[in-house]
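Chain residues, written in single-letter form:
2 protein chains.
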Amino acid sequence: METILPKFDSVFSIDCVIFGFQANELKILLIERNEEPFKGWRALPGYIVKKDESIDDAAERILYELTGLRDLHMEQFHTFGDVDRHPQGRVITIAYYALIRIDVQKELKPVTNIAKSAFWYPVNELGKLPFDHAKVFETGFQKLRRRLGYQPIAFELLPEKFTLTQLQTLYEAILNKKLDKRNFRKKMLSYGFLKELDEKQKGVSYRAAKLYRFDRRKYNKIFQNELSING
Amino acid sequence: METILPKFDSVFSIDCVIFGFQANELKILLIERNEEPFKGWRALPGYIVKKDESIDDAAERILYELTGLRDLHMEQFHTFGDVDRHPQGRVITIAYYALIRIDVQKELKPVTNIAKSAFWYPVNELGKLPFDHAKVFETGFQKLRRRLGYQPIAFELLPEKFTLTQLQTLYEAILNKKLDKRNFRKKMLSYGFLKELDEKQKGVSYRAAKLYRFDRRKYNKIFQNELSING
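If you're matching them up, the sequences are chains R and L in order.
Residue numbering for the first sequence follows my numbering, beginning at 1 and increasing consecutively.
Residue numbering for the second sequence follows my numbering, beginning at 1 and increasing consecutively.
Some hints could be false.
Intra- or inter-copy, both count: the list cannot distinguish identical chains.
As a list, the in silico SDA-like pairs of lysine to any residue whose alpha-carbon atoms are at most 20 Å apart [stated by the list, open to error]: (1) Lys-161 with Glu-125; (2) Lys-135 with Pro-152; (3) Lys-51 with Gly-89; (4) Lys-50 with Glu-35; (5) Lys-143 with His-73; (6) Lys-221 with Asn-183; (7) Lys-135 with Ala-43; (8) Lys-218 with Phe-38; (9) Lys-178 with Gln-76; (10) Lys-51 with Asp-84; (11) Lys-51 with Phe-131; (12) Lys-135 with Asp-57; (13) Lys-135 with Gln-76; (14) Lys-221 with Ser-54.
These are computed hints drawn from the structure, not numbers from a lab.
So that you can see chain R by itself, here it is in the shape it has in the complex:
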């Protein structure tokens, strides 16, 4: 005896929290929405998944269409499914996040009508975001903060060559607190994964600071197996 199953036809969306570091500020990518009734809203890049695409493919397509950015390494970090989170009914959203170097990214330019523009916006000045985007952002930000404790993510946001002041500013922005300059430098240099370069900052009016590079091979050697007995 065969059982007839009902067919489901579901709607869900993707939202992206893309972090960057620019002009000594931690920023995220926002868009200005262009279609009614959301016209003029400043929101996270996000939209509805198509019926025939996987959610990972959808995340890539949506970010590209809304901002012009592609080939990022995006990672799913949380799915938001509160009952009333969307005005159009039960729409859950799968949130993705990425860290990028703003200095090597191309121009931001939506390729669809849904977004009027895309831009980097300082995390500290976000203000009100529509839907539950404040919660989505905050969850992504917490994840960033947690990962800072056990992964070298700061160096995915900084330019390839950076000063210790830039590194400290980034840590302070992510941890949302001031750090003692002397302790910070001492600790960071003590690990041994920062390579001092034979170069200084260019084009600054104040005393040019030394530049450093992150040595991933050394990092891996040092932090491999700290607790894990694997290998």
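Chain L: place on chain R using the hints.
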């Protein structure tokens, strides 16, 4: 001018990957499904989210109804959204995971008709799972393995008092490889977070081994700030 928005009515599910350690084996919780056309299938505990419940609430309810377990600390770990993952159409599933001490858990007993029974099953003998449950399990297992490298999760699975052999067996099960006994003990004891107790195993026919306890306070002291300069 008001825009009329279409209303969405979506269907999505929860699947649970619950890890436990029992009789020196790493296990997960499975159910035998009871309703056609899935009758007799051995699957991860999972089911459809109701229209009026958040996904976190749904995860708790579904695990309870299918297995009788509740008050677990479950955590969302991934959402699976391949186009053809479910025979009834576009059903994405949000996967949750938890680690529990089997020795302090109550009897497994479904409280709904959807599951005929719930039981612990060795990870090593899983065989074929229905839907994309093999992928869901494998993703959860990878997460467990990664976390072993930076969080003291082994001690959430072991009984409160354990032998070094039990600890090693658990590490070997999660990492899926044999570890050298002498190196393992040396390394684990060198950290200083294992407290040797004045007790030995009871009720064993072979030579009783020493029992240890995990000292979380010491662990926190040691591993706090290893990379993070926070605090």
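>> I want to check one pair: Lys-135 and Gln-76. Are their C-alpha atoms no more than 20 Å apart within a copy, between two copies, both, or neither?
In response: both (15 Å within a copy, 16 Å between copies)
Q: If the cutoff is 20 Å on CA atoms, where do Lys-161 and Glu-125 land: within, between, both or neither? Let me know, please.
A: This pair counts as neither: shortest intra-copy Cα distance 27 Å, inter-copy 50 Å.
Check: Are the CA atoms of Lys-178 and Gln-76 at most 20 Å apart within a copy, between copies, both, or neither?
Finding: neither (30 Å within a copy, 32 Å between copies)
- Task: Up to 20 Å between alpha-carbons, please classify Lys-135 paired with Ala-43: within, between, both or neither.
- Result: For Lys-135 and Ala-43, the Cα distance is within 20 Å only inside one copy (12 Å; across copies 33 Å).
Note to self: At most 20 Å between CA atoms: does that hold for Lys-50 and Glu-35 within a copy, between copies, both, or neither?
What the structure shows: within (18 Å within a copy, 31 Å between copies)
Homomeric proximity label, Lys-135 with Asp-57: Cα distance no greater than 20 Å | Between. Shortest inter-copy distance 18 Å satisfies the 20 Å Cα cut-off; intra-copy 24 Å does not.
Measure nothing new, just compare the shortest in-copy and cross-copy C-alpha distances for Lys-135 and Pro-152 to 20 Å and report within, between, both or neither.
neither (25 Å within a copy, 28 Å between copies)
Q.
When Cα atoms must be at most 20 Å apart, do Lys-221 and Ser-54 count as within-copy, between-copy, both, or neither?
A. The answer is neither: 37 Å in one copy and 43 Å across copies each exceed 20 Å.
Check: Quick one: Lys-51 to Asp-84, C-alpha cut-off 20 Å, is that within a copy, between copies, both, or neither?
Finding: The answer is between: 10 Å across copies meets 20 Å, while 23 Å in one copy does not.
Checklist entry - When no copy is named, should Lys-51 and Phe-131 be tagged within, between, both, or neither for a Cα gap of at most 20 Å? => result between (23 Å within a copy, 19 Å between copies)
Next on the checklist: With identical chains, the pair Lys-221 and Asn-183 could be close in the same copy or across copies; at 20 Å between alpha carbons, which is it: within, between, both, or neither?
Outcome noted: For Lys-221 and Asn-183, only the inter-copy Cα distance (19 Å) is at most 20 Å; the intra-copy one is 23 Å.
One pair to classify: Lys-143 and His-73, alpha carbons no more than 20 Å apart. Within, between, both, or neither? Result: close both inside a copy and across copies, 16 Å intra and 18 Å inter.
Checked against the numbered hints listed earlier, the structure breaks hints 1, 2, 8, 9 and 14; every other hint is satisfied.
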